[in-house]
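**Q** If you want the building blocks of each chain, they are given just below.
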Amino acid sequence: MAKITLQDIRHAYGPDPQREEDWALKKLTLELKDGGAYALLGPSGCGKTTLLNLISGLLAPTEGRILFDGTDITDASPEQRNIAQVFQFPVIYDTMTVYSNLAFPLRNRGIGEKEVDARVREIAHMLELDATLMKRASGLTADGKQKISLGRGLVRSDVNVIMFDEPLTVIDPHLKWVLRSKLKELHHRIRRTMIYVTHDQTEALTFAEQVVVMKDGQIVQIGTPIELFERPQHTFVGHFIGSPGMNVLPCEVKGGKAIFAGNHVPAFNAAAYKGNGKTLELGVRPEFVRFAGEGIPVDIVKVADAGRYRIVETRHQAHSIKLLVAEGAELPSGQARLHFDADHTQIYEDGWMVS
Amino acid sequence: MNKTVNQKAWFFVLPVVLLVAFNAIIPLMTVVNFSVQETFGDNMFFWAGVRWFEQVLQSERFHAALGRQILFTAIVLLIEIPLGLAIALTMPRKGPWVSVCLVLMALPLLIPWNVVGAMWNIFALPDIGLLGRLINGLGIEYNYTRQIFSAWFTMVLMDVWHWTSLVVLLCYAGLVSIPDAYYQAAKVDGARPWAVFRYIQLPKLKYVLTIAILLRFMDSFMIYTEAVVLTGGGPGNATTFLSIDLQKIALGQFDLGPAGAMSIIYFLIILFFSWLFYTLMMKDEAR
Amino acid sequence: MKRVPWLVPTLYILFLLLPIYWLINMSFKTTNEILGSFTLWPRNFTLDNYVKIFTDPTWYNGYINSITYVLINMVLSIVVALPAAYAFSRYRFLGDKHLFFWLLTNRMAPAAVFALPFLQLYSAVGLFDTPIAVALAHTLFNIPLAVWILEGFMSGVPKELDETAYVDGYSFWGFFFKIFVPTIAAGIGVAAFFCFMFSWVELLLAKTLTSVAAKPIAATMTRTASTSGYELGLLAAAGTLTIVPGAIVIYFVRNYIAKGFALGRV
Numbered sequence: 001m002a003k004i005t006l007q008d009i010r011h012a013y014g015p016d017p018q019r020e021e022d023w024a025l026k027k028l029t030l031e032l033k034d035g036g037a038y039a040l041l042g043p044s045g046c047g048k049t050t051l052l053n054l055i056s057g058l059l060a061p062t063e064g065r066i067l068f069d070g071t072d073i074t075d076a077s078p079e080q081r082n083i084a085q086v087f088q089f090p091v092i093y094d095t096m097t098v099y100s101n102l103a104f105p106l107r108n109r110g111i112g113e114k115e116v117d118a119r120v121r122e123i124a125h126m127l128e129l130d131a132t133l134m135k136r137a138s139g140l141t142a143d144g145k146q147k148i149s150l151g152r153g154l155v156r157s158d159v160n161v162i163m164f165d166e167p168l169t170v171i172d173p174h175l176k177w178v179l180r181s182k183l184k185e186l187h188h189r190i191r192r193t194m195i196y197v198t199h200d201q202t203e204a205l206t207f208a209e210q211v212v213v214m215k216d217g218q219i220v221q222i223g224t225p226i227e228l229f230e231r232p233q234h235t236f237v238g239h240f241i242g243s244p245g246m247n248v249l250p251c252e253v254k255g256g257k258a259i260f261a262g263n264h265v266p267a268f269n270a271a272a273y274k275g276n277g278k279t280l281e282l283g284v285r286p287e288f289v290r291f292a293g294e295g296i297p298v299d300i301v302k303v304a305d306a307g308r309y310r311i312v313e314t315r316h317q318a319h320s321i322k323l324l325v326a327e328g329a330e331l332p333s334g335q336a337r338l339h340f341d342a343d344h345t346q347i348y349e350d351g352w353m354v355s
Numbered sequence: 001m002n003k004t005v006n007q008k009a010w011f012f013v014l015p016v017v018l019l020v021a022f023n024a025i026i027p028l029m030t031v032v033n034f035s036v037q038e039t040f041g042d043n044m045f046f047w048a049g050v051r052w053f054e055q056v057l058q059s060e061r062f063h064a065a066l067g068r069q070i071l072f073t074a075i076v077l078l079i080e081i082p083l084g085l086a087i088a089l090t091m092p093r094k095g096p097w098v099s100v101c102l103v104l105m106a107l108p109l110l111i112p113w114n115v116v117g118a119m120w121n122i123f124a125l126p127d128i129g130l131l132g133r134l135i136n137g138l139g140i141e142y143n144y145t146r147q148i149f150s151a152w153f154t155m156v157l158m159d160v161w162h163w164t165s166l167v168v169l170l171c172y173a174g175l176v177s178i179p180d181a182y183y184q185a186a187k188v189d190g191a192r193p194w195a196v197f198r199y200i201q202l203p204k205l206k207y208v209l210t211i212a213i214l215l216r217f218m219d220s221f222m223i224y225t226e227a228v229v230l231t232g233g234g235p236g237n238a239t240t241f242l243s244i245d246l247q248k249i250a251l252g253q254f255d256l257g258p259a260g261a262m263s264i265i266y267f268l269i270i271l272f273f274s275w276l277f278y279t280l281m282m283k284d285e286a287r
Numbered sequence: 001m002k003r004v005p006w007l008v009p010t011l012y013i014l015f016l017l018l019p020i021y022w023l024i025n026m027s028f029k030t031t032n033e034i035l036g037s038f039t040l041w042p043r044n045f046t047l048d049n050y051v052k053i054f055t056d057p058t059w060y061n062g063y064i065n066s067i068t069y070v071l072i073n074m075v076l077s078i079v080v081a082l083p084a085a086y087a088f089s090r091y092r093f094l095g096d097k098h099l100f101f102w103l104l105t106n107r108m109a110p111a112a113v114f115a116l117p118f119l120q121l122y123s124a125v126g127l128f129d130t131p132i133a134v135a136l137a138h139t140l141f142n143i144p145l146a147v148w149i150l151e152g153f154m155s156g157v158p159k160e161l162d163e164t165a166y167v168d169g170y171s172f173w174g175f176f177f178k179i180f181v182p183t184i185a186a187g188i189g190v191a192a193f194f195c196f197m198f199s200w201v202e203l204l205l206a207k208t209l210t211s212v213a214a215k216p217i218a219a220t221m222t223r224t225a226s227t228s229g230y231e232l233g234l235l236a237a238a239g240t241l242t243i244v245p246g247a248i249v250i251y252f253v254r255n256y257i258a259k260g261f262a263l264g265r266v
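Residue numbers (the working numbering), protein chains in the order written: chain A, 1 to 355; chain B, 1 to 287; chain C, 1 to 266.
You may find that some hints are simply not true.
Residues on chain C that point at chain B, a partial pick, calculated with CB under 7 Å [said to hold, decoys possible]: (1) 9; (2) 83; (3) 91; (4) 201; (5) 254.
In silico DMTMM-like pairs for lysine to aspartate or glutamate, Cα to Cα no more than 20 Å straight-line [unchecked claim]: (6) 204/B to 94/A; (7) 3/B to 96/C; (8) 215/A to 31/A; (9) 8/B to 96/C.
No lab work stands behind these hints: they were computed from the structure. Cβ coordinates follow ideal geometry from the N, Cα and C atoms, glycine included.
Here chain A stands alone, though its shape is the one from the complex (with noise of 0.2 Å):
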């Protein structure tokens, strides 16, 4: 059990990095604290799995410190770290038992086998293999054989933190939720910090109490799923959570008040922008958008149904503006006008939101 601080960390791959594009994960500092449970979240590319390699100790940073309860770890070995990981794939010994493979990481450290015998069956039990136990390790099933892997994390009760690399890519859609709410479970029981790693937001949403969001090899929010929602500190995140993303909206800022497309629009930072970045844009989830009286007038281009509401798809002049209505409600027929709530209404400065 640990709190995890990374100082100043940068990795590149390749030998000698002269150019920006050289870092795959660029000067960051972060920290994580005992017990919680995170989620790295992210496109493909982005340097999560890294971040995650460099935490277990599988990586070596190019630059910077990685502390452990603020003992200095960068030097340390994976075993030496105690710590455990789940991977993409899931990772059995094929040759042996369901048992022997809960057993292995207990035995390998020279652990009596009274105490192996009695950790092996009460994860057993947690995980729900107790009926495959004597089985040969080969013969499971995909989502089997991950449990196995998640048993081998969780057998040994002193590791720092458990490590996620997407471990559910090969699992089947309808199990997928039933080992997400495992996790979670188990996550509740043993209070352990863990580490998620997913391009997939509901999975990062439903298991982690702060996501960490990258882009390209940097951190661009990290937070609660309620701020994340709320308050997208960059358009990215705007964009990569929720469904449909946020509605970004080319603007100016006049005397603290934003301007879209000649329409005055109330935003809740507007007046502290300072005026000096290149582009300013508008953020504003679908879900803070709706019908009015007056307003921002435009034409209705498609709606579509999604269950509990309809996403409505509007354009004002070349832009394009979506909205939820509840299902049920009644859609203005031809002209309409919108608004947006002034509370959950950004200004974005290059990317970034103005405060």
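With chain A held as given, fit chains B and C onto it using these hints.
**A** Same frame as chain A, now just chains B and C:
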């Protein structure tokens, strides 16, 4: 993979079947024919029953050749399989030199077998060969045309030189196909190098090792050209293996009956051992 | 071993290269030097042995003959093995498993067993002493091998590829040649490499089935060795030249070599 039942697939395999049948069945029938008949020349044949089979199975000459053959095959398998595996394990997985290494290692496999024999013949000559000079220079008396032990030593060394690369290449192919995640998981689980070998590498190499052992068994059991060129079966009959003996009987003495019977026994032995190896090694798989 | 990762492979490669070096070394020496003294490199460097091989038709024809039957065998084996391997990898049909096993048993047949019957068979059909006879004889072990390798590579191609192509309106042969064959090009390369290899290195059948007109280089060497006594330099030069085609072929498949030797099954 699920295969669909389709009897028309026979048309696809027909050319192969015809060609191989022409090459395999007609000659095999000829051999069977020889083995049950007696001839006094002039294409006159008489029914001989299983007499030739009895004669071959009881002959000391056959027993001796078979014994030498088994000994030789056992020795080269015991050396080449562990050695090849060890070399493959120490090969780096990445880097520009890996291809160069693989190409150089494959080189002996593409040299005509009689050239291999001739090359070693020259290389091991006690007076003008590098190897012969070297060993004699160490104060050990070495002459493969005269001493039985030297002849065997040279023969085994030649086979190791010729074929270990096959085992290396097979094992190497098996090793690079193991995903990195396995090694990473082993690191995280705190596995020692021995455990990595025993529980990750060896199980994943099972298939390629089976192929390696089968191929090496079959080919070493059939060794002919290299051995003939190197020692001609001598000194005396010390390195006369089954194929060499068979050729001596068939083309040398033209004893077609015994040669035919011996061919069939020989072929059956190889089939039996191949089947045995394969079943033993794949037994776990079926469970 | 960890600290010097290249140590073991390097030592092994040195061991492999020593006899080859000795052969090349000898090919540049005069007969006098070979028999008269023990020298680690040629003192009187000579190209005479090579000149003789490239000017004397009995020598260079041997190379032409060998390459001819090897190429015929390679093409023939691949052409008939392709559809057969496809059938084995995609369909189930009556006797498929037994047929596959029977094909493989031919890989286990000692050439010595077949030498004499082959001589009679190919004499009877009038192909004795032609490259075609040798090429056909070598299909005995090369076709099973090619089928085996290609089947391995083909099984690695998902069946959905076939189905998608049919949905897109390809006929079977259109699909086979325009899509499937390019997809398994690496496998074909590897199979061709193995056909080349085993046909090139085999001597017993090649020698038995030829006498003068189609005599392979390897047989020329053995006969020269026995008739002209101790012309070791010439023999060494001829031997060196037989290594060259193999080396060239390996170079072409160098990136597939490891996978190829596992017969496409890893």
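**Q** With a cut-off of 7 Å on the beta carbons, see whether residue 254/C makes it to chain B.
**A** holds, 5 Å
**Q** For the hint on residue 91/C, just tell me whether its beta-carbon gets within less than 7 Å of chain B.
**A** Constraint on residue 91/C satisfied, holds at 4 Å.
**Q** Just to be careful, I want the Cα atoms of residue 3/B and residue 96/C compared with a cutoff of 20 Å; is the pair within it?
**A** This hinted pair holds, its Cα atoms lying about 12 Å apart.
**Q** Does residue 31/A lie within 20 Å of residue 215/A when you go C-alpha to C-alpha?
**A** holds, 18 Å
**Q** With a cut-off of 7 Å on the beta carbons, see whether residue 83/C makes it to chain B.
**A** holds, 4 Å
**Q** Taking only the CA atoms, is the gap from residue 8/B to residue 96/C under or equal to 20 Å?
**A** Distance ~12 Å between residue 8/B and residue 96/C Cα, so the pair holds.
**Q** At a threshold of 7 Å, is the proposed contact between residue 9/C and chain B supported by beta-carbon distances?
**A** holds, 5 Å
**Q** Given the hinted pair residue 204/B and residue 94/A, is their Cα-Cα distance within 20 Å?
**A** The hint holds at about 8 Å.
**Q** Under 7 Å, Cβ to Cβ, is where residue 201/C needs to be relative to chain B, so tell me if that hint holds or is violated.
**A** Hint on residue 201/C: holds, closest Cβ of chain B at ~5 Å, below 7 Å.
Violated hints: none; the structure is consistent with every hint.
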